[in-house]
Amino acid sequence: MQGRKDEHRHQELLKEKKELEKNRPHGIDEMRRWKHDMGKILQELELYNK
Amino acid sequence: MNPSDVFRKRNLSKVNFEYEELIGRDFSDSNMKGVNLKNRDIHNADLSCTDLSEADLSGAILFNVKMRGADLQQTNLSSAKLWDADMYGADMRGADNRGADLFYADLRNADLSNANLSGINLRHTNFDGAVLESINFEGANYDSHTLNTISDESKKELKKQGNKW
Chain A
144 MQGRKDEHRH
154 QELLKEKKEL
164 EKNRPHGIDE
174 MRRWKHDMGK
184 ILQELELYNK
Chain B
328 MNPSDVFRKR
338 NLSKVNFEYE
348 ELIGRDFSDS
358 NMKGVNLKNR
368 DIHNADLSCT
378 DLSEADLSGA
388 ILFNVKMRGA
398 DLQQTNLSSA
408 KLWDADMYGA
418 DMRGADNRGA
428 DLFYADLRNA
438 DLSNANLSGI
448 NLRHTNFDGA
458 VLESINFEGA
468 NYDSHTLNTI
478 SDESKKELKK
488 QGNKW
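If you read the sequences in order, they're chains A and B. Residues 144 to 193 (the working numbering) make up the first sequence, in order. Residues 328 to 492 (the working numbering) make up the second sequence, in order.
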């Protein structure tokens with residue numbers, strides 16, 4: 144059950160990452176937010192690479 | 328003629344950019360050798376195939392810039408914010424990148440021989456096909472994605488000198 148939940152979250156994160164990659168902002172404040180949000184996703188994704 | 332074409336394919340190496348608005352400008356194919364753009368905001372600019380060798384871009388805001396094939400030999404990019412920058416095939420030999428932020432930058436096929444990458448943020452930076460000879464990676468931040476894009480030899484160096492996120 145835990146494994147399935149983890150995989151579900153993993154897929155969710157990959158989807159969110161793809162969404163952010165598709166929606167790159169151009170303003171400085173929006174870009175800071177983009178970087179922050181992407182950083183959080185990557186940080187969580189790192190857990191799946193261990 | 329597009330207003331942004333004013334800076335394209337020009338010799339701008341002697342231009343004083345102090346009072347110029349640079350965000351989103353098209354400087355592609357221009358000669359900007361040795362220019363002083365320290366701490367300037369140049370995000371979204373097009374610097375593709377531009378000669379920026381020996382230029383001072385330290386502390387500059389360069390996110391989303393296009394620097395494909397740019398000449399960045401001996402360029403000072405220390406503390407520059409290069410998030411999501413397109414630096415595909417750039418010549419960065421001997422560039423000073425200390426403390427720069429290359430989060431999500433594309434450095435595929437770039438030449439970074441003898442570049443200083445100490446204290447740099449390399450999270451999700453793509454080095455696929457890049458030349459990474461004699462690099463200083465001391466204190467560089469990286470993640471598993473970065474590692475997956477570099478050779479085994481460079482991987483060893485980055486792991487030894489840098490910090491995994």
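Check before you lean on any hint, since a few could be wrong.
Here are a few chain B residues that sit away from chain A, every Cβ distance over 12 Å (derived from the structure) [what the hints assert, rightly or not]:
{"#": "1", "residue": "371"}
{"#": "2", "residue": "443"}
{"#": "3", "residue": "470"}
Cross-link-like lysine-lysine pairs, in silico, DSSO-like; alpha carbons within 27 Å at most [as the list claims (entries may be wrong)]:
{"#": "4", "chain 1": "A", "residue 1": "158", "chain 2": "B", "residue 2": "491"}
{"#": "5", "chain 1": "B", "residue 1": "341", "chain 2": "A", "residue 2": "161"}
{"#": "6", "chain 1": "B", "residue 1": "365", "chain 2": "B", "residue 2": "341"}
{"#": "7", "chain 1": "A", "residue 1": "178", "chain 2": "A", "residue 2": "160"}
{"#": "8", "chain 1": "A", "residue 1": "160", "chain 2": "B", "residue 2": "486"}
{"#": "9", "chain 1": "A", "residue 1": "165", "chain 2": "A", "residue 2": "178"}
{"#": "10", "chain 1": "A", "residue 1": "178", "chain 2": "B", "residue 2": "482"}
{"#": "11", "chain 1": "A", "residue 1": "160", "chain 2": "B", "residue 2": "336"}
{"#": "12", "chain 1": "A", "residue 1": "178", "chain 2": "B", "residue 2": "486"}
{"#": "13", "chain 1": "A", "residue 1": "183", "chain 2": "B", "residue 2": "341"}
{"#": "14", "chain 1": "A", "residue 1": "160", "chain 2": "B", "residue 2": "491"}
{"#": "15", "chain 1": "A", "residue 1": "183", "chain 2": "B", "residue 2": "486"}
{"#": "16", "chain 1": "A", "residue 1": "158", "chain 2": "A", "residue 2": "178"}
{"#": "17", "chain 1": "A", "residue 1": "161", "chain 2": "A", "residue 2": "183"}
{"#": "18", "chain 1": "A", "residue 1": "178", "chain 2": "B", "residue 2": "336"}
Quick look at which bits of chain A chain B covers, simulated, 3 or more residues with Cβ under 8 Å [claimed, not checked]:
{"#": "19", "stretch": "154–161"}
{"#": "20", "stretch": "182–188"}
To be clear, the hints were calculated from the coordinates, so they are not data collected in a lab. For clarity, every value in this text was computed on a predicted model and none was experimentally measured. Note that CB positions come from ideal geometry on N, CA and C, so glycine has one too.
Tested hints:
no.: 1; hint: 371; verdict: violated (6 Å)
no.: 2; hint: 443; verdict: holds (23 Å)
no.: 3; hint: 470; verdict: violated (6 Å)
no.: 4; hint: A:158 to B:491; verdict: holds (24 Å)
no.: 5; hint: B:341 to A:161; verdict: violated (42 Å)
no.: 6; hint: B:365 to B:341; verdict: holds (15 Å)
no.: 7; hint: A:178 to A:160; verdict: holds (11 Å)
no.: 8; hint: A:160 to B:486; verdict: holds (25 Å)
no.: 9; hint: A:165 to A:178; verdict: holds (13 Å)
no.: 10; hint: A:178 to B:482; verdict: holds (25 Å)
no.: 11; hint: A:160 to B:336; verdict: violated (36 Å)
no.: 12; hint: A:178 to B:486; verdict: holds (24 Å)
no.: 13; hint: A:183 to B:341; verdict: violated (42 Å)
no.: 14; hint: A:160 to B:491; verdict: holds (20 Å)
no.: 15; hint: A:183 to B:486; verdict: holds (22 Å)
no.: 16; hint: A:158 to A:178; verdict: holds (16 Å)
no.: 17; hint: A:161 to A:183; verdict: holds (14 Å)
no.: 18; hint: A:178 to B:336; verdict: violated (32 Å)
no.: 19; hint: 154–161; verdict: violated (count 0)
no.: 20; hint: 182–188; verdict: holds (count 3)
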